[in-house]
Amino acid sequence: MPPAIRQIFPYLALVLLGVGVAWAMSFGTLPPADFTFANGDEVKTLDPGIATGSPEHRILDALFEGLLRLHPVEVPGGAEKNLYENVPLKLLPGVADLPEVTNDGQTYTFHFLPDRKWSNGRAVTAPDFVFSWQRLLHPENAGEYAYQLHYVVGGKKYNLEQLEIGDPVEVELYDRPVPSQMYPRGTMIRGKLAGIWKPEKPTFAKDTPAAEQESQLAQWKKSFVYTVQAETKDVGERKYAPLTGTFRYSKDPSAAVAGGFDDGQIVQCHHVLADFDKVVGIRALDDNTLQVELNSATPYFDQLTAFFSLYPVCRECVEKYGTPEWTRTGHLIGNGAYTLKKHRVRDRIRLEKSATYWNREHVPLEVVDALALKSDTTALNMYLTGQVDWIITVPNTVVQQLREDRTDFYTTPMLTTYFYRVNVNKPPLNDVRIRRALNAAINKALICDEVLKAGQIPARSYVPPGIAGYHSELTGDQDLEEARKLLAEAGYPNGKGMPKVEILFNTNEDHRVIAEVIQQQWRKLGINCELRNLEWGSFLDALSNQKYMVSRSAWTGDYADPNTFLDMFVTDGPNNQTGWSNAEYDRLIEAAKHVSAEERLKLLSQAERILMDELPILPIYFYVTKNMVNPRVKGFRSNIQDLHPLDLLSVEPPNAPTESTTAR
Amino acid sequence: MEQPSFPETPAAVAGASAKQHYDRLLTEAASIRGVSLWQDAWKRLRRNWSAMLSLYFLIALGMLAFFTPLLPLQSPIKQNLRDASAENPSQSQDRQFAPPSWQPVSLGLTQYREKLAQLNADLAQASTAERKALEDQLERYENDNPIREMASNPGVLTSAMISARIAIFGDFCLPSLMGTDNLGRDVMARIFWGSRVSIIVALVAAFVSLVIGVTYGAISGYLGGWIDNLMMRFVDILYSIPFIFVVIFIITILSDEKVKPALDRYGINQIIILYVLIGAIYWLTMARVVRGQVISLKTEQYIEAARTIGASSGRIVFRHLIPNVLGVVIVYLTLTIPAVMLFEAFLSFLGLGVTPPDVSWGILVNEGVQAITPIKVYWWLVLFPGLVFSLTLFALNFLGDGLRDALDPRLKNK
Amino acid sequence: MLPLLKFLFRRFMWMILTVWIVYTIAFFLSRAVEGDPFAGERAMSAEVKRYKMERYGYDKPLVSQYARSLWLMTTQLDLHESRKLNEIPVTQLIAEGFPVSASLGIFALVFALALGTVAGVISAVYRYSFLDFSFMTAATLGIAVPNFVLASIAIMLFVFWIPIFPAGGWGTLRQLVLPALCLGAPFAAYIARLTRTGMMEVLNQDYIRTAYAKGLGDRRVVLRHALRGAILPVVSYLGPATAGILTGSLVLERIFFIPGMGSHFIEAALQRDFPVALGMVMVYTMLLFVANAIVDLSYVVIDPRVRLE
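Sequences listed follow chains A, B and C, in order.
Each step along the first sequence adds one to the number in this note's numbering, with nothing skipped, and position 282 is 939.
Each step along the second sequence adds one to the number in this note's numbering, with nothing skipped, and position 261 is 1369.
Each step along the third sequence adds one to the number in this note's numbering, with nothing skipped, and position 154 is 162.
Think of the hints as simulated: they come from the structure by calculation, not from any bench.
Think of the CB as a built atom: it goes at the ideal place given N, C-alpha and C, for glycine as much as any other residue.
A couple of the hints might just be wrong.
Label-pair distances were calculated between CB atoms; the ranges are [stated by the list, open to error]:
#	chain 1	residue 1	chain 2	residue 2	range
1	A	A862	B	G1263	53 to 61 Å
2	C	A221	B	W1334	29 to 37 Å
3	C	D86	A	T1213	33 to 41 Å
4	C	R182	B	A1272	57 to 65 Å
5	B	E1250	C	I29	27 to 35 Å
6	C	R39	A	E1241	19 to 27 Å
7	B	P1283	C	I172	36 to 44 Å
8	B	A1168	C	D86	54 to 62 Å
9	B	S1404	C	T32	34 to 42 Å
10	A	T1213	B	V1319	50 to 58 Å
Derived pair list, reagent style DSBU-like, types lysine-lysine, alpha-carbon separation capped at 35 Å [as the list claims (entries may be wrong)]:
#	chain 1	residue 1	chain 2	residue 2
11	A	K1259	A	K999
12	C	K68	A	K701
13	A	K1153	B	K1406
14	A	K1153	B	K1240
Which bits of chain C does chain B cover? Going by a derived footprint, with three or more residues having C-beta under 8 Å, they are [to be verified]:
#	stretch
15	147-156
16	222-234
17	273-282
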């Protein structure tokens, strides 16, 4: 190396360093938002048909609007009444006016209101809802909330691909523009199902893993051959092929042939599903009228239409970009009060007031930032320094102090239960006496008063209080003597010989502390107890595969009705996950769907009695909200579902300087 | 001079004087040999007061950690929350987030024994009809024994030490001089019990890194040539892997439902896995250093000598080379231990550390950090664990520096 | 010039090899533990799961999945999509996160270098003085305190008691300062110690004495002659320091709410979002290689005796 280069090297290095620093300091800045809140976690999706969590819920409520809206209403009495106590939630017209319901409670007719537009300017129509709800129910969408349309006639049949000979069916041929995208669809054939040919069902050795069995069964189902008498005549807007005659369709023709099918030519298809228009009770009578026919009177159906999974999605947007591309910034078209301006992963979502929203004159906030703030401590720090105007929860260690010192911390009861799931297939937990003993040994009042301290209510039932007209059935109270007796009866006097019990929880300080307290309380019975924590994703994995003994869980009512809690635990319900099954319970839940409103609650109450006797779950406490809201924010109203639509909020004075800018 | 009783041959006389001569030489030699490398190093180390102070501190810490069950401490796991519905409300105390204080605390052993004696007395007088119920009650009461709450799943040695502690100190225990935590547990007891976990972790991990690193480095350096090249390339590759990922990864694999029961059968729990893993990662520097030393040593004459008299490669490596690189190894060992402890704290911060009711310094420090918010500062929760943690790391660093200066002054610059 | 090119080429090839090995091992390991990639809170029907499996190519044999993903990666720089975050391409996450982490890292490194060398030189020049003692105590403390403890104390001090910095977030210089200081502190401490030892050794050498004898002033001798010799250990430490700063930023990005690669990596690894975690690891690996190559190069520049091998 020439000495000259060596000489200039130190200066060169300094210059390079300088350039690096200059580059590192070059921030592109965003103008500050009017209102910034901590959204808890990064959103997993912005697709209403797929979303499940509460961070998504808060954003979707801003981006979309359902047939109806569920809003907290202001009660007279000022801030005190509206912040420190729950205000009632009221259904308001959204895209449509409040529905006409037939006397039997089974048919809802929604009349659309004027000036409801997508953010691209097109009017929101009834066919938009037919499209969106079909998409939600379509098995390929794999929406976890599709079951909310199982109340609709034919909804379950379509969603779970339950086909019977003679059913009207629609076949989607294997000619989509993009095979992995549901929309735009391939050629549709309409007809009647004449027969299903199935190859021999695979059998499994006893020790075959469940996942392996599942995938083989799925492969087996793929090779079914459906014989369809095509009778498509109405070639309308929905692209049905004009075709008559008998055809054979299969999702995997070669597998079918390999499996022994030799009865003619097979056409490959994506799906053979029940004919949506004929089977499912969702109909657009015209552009502005939507009629929904339910299996039975479902008094909370109007509440469901205000829930995010039943929000409409814009067909042209979905077809143009495909899923999940259509939910990206710049692509997403919604019909809510806000539009998606920017989405930076694990940082923020920026929302801007929609120029096409019908009620835009009454939406005070122009620009809103939702921060994906996962750490409660960081969120609190940022709230205290004024960087954030609303945080949705606070660290446990400061709750007591906040309640004593601050007037901007609001705790009110919530429609959420914290409970422990018990895997009833794992001995010794299969013994109901053990489960009762475990329940009786938990000092729930201690957990609420001494550990959580935000006014949580000890839970002796599964359904939280606060649902009008419903009477919860209770478990026994804390009773150590009783617990000891039960344990002895079950064959483990003083816990002698009792296998270790393991509590599983998702990694979180509060869950860990509660588990530690319960661990100590169970030790008093002589039960040895281990803790295990997993991150959310792995935790869900363990839960859904029932790879746990006792597991921390919580459930928030999607609507204010005991059914949202109780229908979880029917045999093999998708959210049961405890392995518990009780025929009488299933019967009561099913029967409740077909009786009068009062009778219904009585039956549900009976079902809860069974749940509280059998205890596949150990209820621990009912949540409270833990909102901290900057006093300059107006229009914040505490409520039982912790719903805070952004279009109700305003700030005073507007545009107070906040530190909220973003790099590049 | 007294004559010997038997005549001496000239040869014998010569032999004796030669023997005397050699004996004298040997004693002289022995007195010269007195200053070995180790003695020399020890002398130098003794002059370094900060290193010596650190050494004493660490020895004291190690002893305290080992004998923790013998010390008159409160239970590290017993929660003291106000329990309105307690069977015996006087027993329950609200000691949540109690600041440091001298207020005396007892284990509750006296109360327990009194009640036990009472029950036994009742039993002695009881009629046969009542006997059964009383016996049951007695048996149940065993679960309330405060001794059971002294440690979670103690081993044989720990149990023995706890019994000895009960025998010596009885009901007495030190007050909560360092306050209590969110569940009313004594912070001082937790620090002591946590030190056991943290120190064992650090030692095991350092030991694992020592074994792997020294063997690997010595073999690589000794064999040389393309094998050396290959082995060192492998180290280079491992160096450029961000190992936090590896650890997280392997912990998730090993805590999987499929693998865990098998490990449990052999008594392997998450702590052990953690430590072995950390050790298996920290061997890289050790291997590099040892290799460098071996390469410079293997051309030394005494190695040549060993080779000429037919010593096998294994013998040369393990008998001659490794003892001579020990100095460097010890220095790096004292610097590996703090790194491991920091890493353990880091994992605890991510929620991947030991699981309750076990406690480690990493967990305590992390709990402390969470207890300082602008709303309320529970300073004792971060001060004491942080102080002990930092002091230990401080001492280890000073000792490492001192050892480095003492053992190999040439290494100063590395 | 030729040796330089040869050196760079060889390093590059090693990097490719390493990344490939890391990728391969991580790929197969992650598939081994990836119980159910689509586990949700609600049990999914087998059919639905099959659709998802097909969409991600999970139904194919493992080896062909591996080949395909390697092909996509090398030919189209496609690192797949996040499994848990709405299928956001990993490359997009890297593109968003890298500048953030890089800014933070550069600042921390510059801060560590500046503070470390200055403190080290002062300590060495005024050795055994009170100044030396306090610097070195502070330096050892910097090494002995975990950076998340340092960060929370710094937040209490400089956000709440003396409110000069914001509590978190990203975007302005003020938001950058506190995390960069916390991130750089342990490395500043280490560099200070290295500089001090190096400096003390160099100051005893003949050429320094010669320089003094020529009548050069203190400042000139120390800065122009001594520092050059003493800085070598510091330069060789920059490689590991870069690695440490990258790892250290995992924690600080979390505490200070910074949307960098560190927070993506940690969240992804803990939630078993393997494509994202894997992508981040590969980027980190490459960064380390580059850092080490630069360190080796600068060694040659600073010390004429060292040749590129």
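Verification of the hints:
For the pair A862 (chain A) and G1263 (chain B), the supplied restraint of 53 to 61 Å is violated, since their beta-carbon distance comes to about 41 Å. Roughly 50 Å separates the CB atoms of A221 (chain C) and W1334 (chain B), a value that falls outside the hinted 29 to 37 Å. Between D86 (chain C) and T1213 (chain A) the CB atoms are about 38 Å apart, so this pair conforms to the stated range of 33 to 41 Å. Distance hint check: the CB atoms of R182 (chain C) and A1272 (chain B) are about 58 Å apart, consistent with the given range 57 to 65 Å.
With their beta carbons about 57 Å apart, E1250 (chain B) and I29 (chain C) fall outside the hinted range of 27 to 35 Å. Between R39 (chain C) and E1241 (chain A), the C-beta spacing of about 44 Å breaks the proposed range 19 to 27 Å. Judged by the Cβ atoms, the range 36 to 44 Å given for P1283 (chain B) and I172 (chain C) holds: they are separated by roughly 40 Å. For the pair A1168 (chain B) and D86 (chain C), the supplied restraint of 54 to 62 Å holds, since their beta-carbon distance comes to about 58 Å.
For the pair S1404 (chain B) and T32 (chain C), the supplied restraint of 34 to 42 Å holds, since their beta-carbon distance comes to about 36 Å. Take T1213 (chain A) and V1319 (chain B): their Cβ atoms lie about 52 Å apart, and the range 50 to 58 Å holds. Among the hinted pairs, K1259 (chain A) with K999 (chain A) is inconsistent with the structure: their alpha-carbon atoms are about 48 Å apart, more than 35 Å. With a CA separation close to 26 Å, the supplied pair K68 (chain C) and K701 (chain A) stays within the 35 Å bound.
Simply put, K1153 (chain A) and K1406 (chain B) have alpha-carbon atoms about 62 Å apart, too far for the 35 Å limit, and the pair is violated. Taken as a hint, the K1153 (chain A) and K1240 (chain B) pair is honoured in the structure, with Cα atoms around 18 Å apart against an allowance of 35 Å. Evaluation of the coverage hint for the stretch 147-156 of chain C: fulfilled, as 7 residues show C-beta separations to chain B shorter than 8 Å, against a requirement of three. Against chain B, the stretch 222-234 of chain C contributes 0 residues with a C-beta closer than 8 Å to a partner C-beta. That does not satisfy the three-residue criterion, and the hint is violated.
For the stretch 273-282 of chain C, the proposed coverage by chain B is satisfied: 5 residues have a C-beta within less than 8 Å of a C-beta in that chain, meeting the threshold of three.
When the structure is compared with the earlier hints, violations turn up for hints 1, 2, 5, 6, 11, 13, 16 and for no others.
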